[in-house]
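Colleague: Please construct the entire structure, taking both the sequences and the accompanying hints into account.
Sequence lines, in order, name chains A and B. Residue numbering for the first sequence follows the working numbering, starting at 6 and increasing by one per position. Residue numbering for the second sequence follows the working numbering, starting at 259 and increasing by one per position.
No wet-lab data here; the hints were simulated from the structure. Careful, some of the hints might be misleading.
[What the hints assert, rightly or not] As a list, the in silico EDC-like pairs of lysine to aspartate or glutamate whose alpha-carbon atoms are at most 20 angstroms apart:
#1 B:K303 - A:D54
#2 B:K290 - A:D15
#3 B:K290 - A:E40
#4 B:K290 - A:E39
#5 B:K303 - A:E86
#6 B:K303 - A:E32
#7 B:K303 - A:D15
#8 A:K31 - B:D326
#9 B:K303 - A:E43
#10 A:K41 - B:D282
#11 B:K303 - A:E40
#12 B:K303 - A:D65
#13 B:K290 - A:D54
#14 A:K9 - A:E32
#15 A:K31 - B:E287
#16 B:K295 - A:D54
#17 A:K41 - B:E301
#18 A:K41 - B:E315
#19 A:K31 - B:E315
#20 B:K290 - A:D44
#21 B:K303 - A:E85
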Amino acid sequence: MSTKLRTYVDTLFEEAPTAPHVYDLKEELLANLEEKFEDLLAAGYSEEDAYASVISGLGDAESLIASMSVEPELREIPYEEARRHTAQTVASSAFLYCIAVAAFLLVRLVFGSTLGWVAFWVIAAFATGQVVYHYMTRPIVTDRPRSSKWSKKRRKQIKGSLSGILWVFTTMVYMGISFGSHQWHISWIIFLVATIAQLVLNLAFKLRDGYDE
Amino acid sequence: MSLTADLIRGHTDAIILAHLVEKDSYGYEINKAIQAKTSGDYEMKEATLYSAFRRLERAGLITSYWGDATIGARRRYYAVTPSGQRFYYQNREEWQHAKRIIDALLP
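Modeller: Encoded structure:
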C-alpha cells in the first residue's frame, strides 16, 4: 500500500525538472506522507480510507512542484545561452593563442628566445585555463530534463566539448613543436592526425545515438 | 469559513515558526502538533507546509538538515534561526495587537 503512495508521488513529480532540490522535496514529502499513512492505519482506518485521506491532505501539490523549477539556488540557463557562452570562451581562447604566437615573435626579437618562450607559454596557459575552467564550471542546461532526447542532447554537448579541447590542444602542440624544432615543413601533419581523431569521435557518437533509437 | 481560512493563511509562517521555536521538527510532526493544538479543527495542507518551508529557508528564517534514516525514506528536519525567532515574536505581538482591536470592534 505504501508502494501505491510512492507511485502517486512519482506521478506528481513526473513533469518536474531533475535537480537535487526537487529530489529532496520528493523524498521529504514521501517520508511524511508514509508516516501519516501508518498513523492512520494504526488509528483504525482501512487502507483505502487512509490512502484517500493522505491524498486529500496534500493540497495544491502541482503548484508547489511548479514553483520548484524557479528556485534561484540552481544554476539553470537555457541551451542557446550556454552555447553562446561556450562559443565566446573558445573564440577568445583561440584569439589568445594567436596573440601568444605574436608575442613570442616580438619578444624574441627584442629580448631573446628564452623570454619569448616565457611570453608564449604564459599566454597559452591562460587561454587553456580559460577553456578548462569553462567546461568544469558549466551549469546544468535544463531545456529538456528527461527522456532519450535529453541524454542525446547531453551527448551532443560532450561531443562539442571534446572537439573543442581536441583542436585547442592540437594547435598548442603544433605551435610548440614547430617553434621548438623549426620543422615547419613536416609539423603540419599533426592537423591530419587531429582530423582523423575528430572523424573517429564523430563516428563513435553516431554509433551511440544509433543504439538508443 | 473562507474568512477563517484567509486569516489563518496569513499566519502560516508564524504558525510554523511557533512550533520550531519550541524544538527542531519535520513536516508531519508539525502538522500533527497543529491538529493537536486545535483539537482537530485545523490541518495544514502538505503543499502549503512545504512551500512555506522553502520560503522561510530562502528568507533565512529557518535552516534544514536530514535526520537519521529510519525505516523507509529520510526525514528532513527544520530549525529556527535567530532572525526567524525575531520574526516570530514580532509577528505574535502584531497578532495580539490586531486581536485586541478586533475584539473591541466585534464584541
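Colleague: The structure should be examined with respect to each hint, and the outcome stated for every one.
Modeller: Verification of the supplied hints:
1. B:K303 - A:D54: holds, 17 angstroms
2. B:K290 - A:D15: Between K290 (chain B) and D15 (chain A) the Cα gap is close to 24 angstroms, so the pair fails against 20 angstroms, i.e. violated.
3. B:K290 - A:E40: holds, 11 angstroms
4. B:K290 - A:E39: At roughly 14 angstroms apart (the allowed maximum being 20 angstroms), E39 (chain A) and K290 (chain B) satisfy the hint.
5. B:K303 - A:E86: Violated, at about 38 angstroms.
6. B:K303 - A:E32: Status holds; Cα separation ~17 angstroms.
7. B:K303 - A:D15: Measuring from Cα to Cα gives roughly 19 angstroms; hence the hint holds.
8. A:K31 - B:D326: Distance ~17 angstroms between K31 (chain A) and D326 (chain B) Cα, so the pair holds.
9. B:K303 - A:E43: Roughly 18 angstroms separates the two Cα atoms, so the pair holds.
10. A:K41 - B:D282: The given pair, whose Cα atoms are some 19 angstroms apart, holds under the 20 angstroms limit.
11. B:K303 - A:E40: Within the cut-off at roughly 15 angstroms; holds.
12. B:K303 - A:D65: holds, 8 angstroms
13. B:K290 - A:D54: The hint holds at about 18 angstroms.
14. A:K9 - A:E32: holds, 15 angstroms
15. A:K31 - B:E287: OK: K31 (chain A) and E287 (chain B) at ~17 angstroms, within 20 angstroms.
16. B:K295 - A:D54: Answer violated: K295 (chain B) to D54 (chain A) is near 24 angstroms, above 20 angstroms.
17. A:K41 - B:E301: It holds: about 12 angstroms lies between the C-alpha atoms, which stays within 20 angstroms.
18. A:K41 - B:E315: violated, 24 angstroms
19. A:K31 - B:E315: Judged against 20 angstroms, a Cα distance of about 17 angstroms means the pair holds.
20. B:K290 - A:D44: Holds - the C-alpha atoms of D44 (chain A) and K290 (chain B) are around 10 angstroms apart, at most 20 angstroms.
21. B:K303 - A:E85: violated, 39 angstroms
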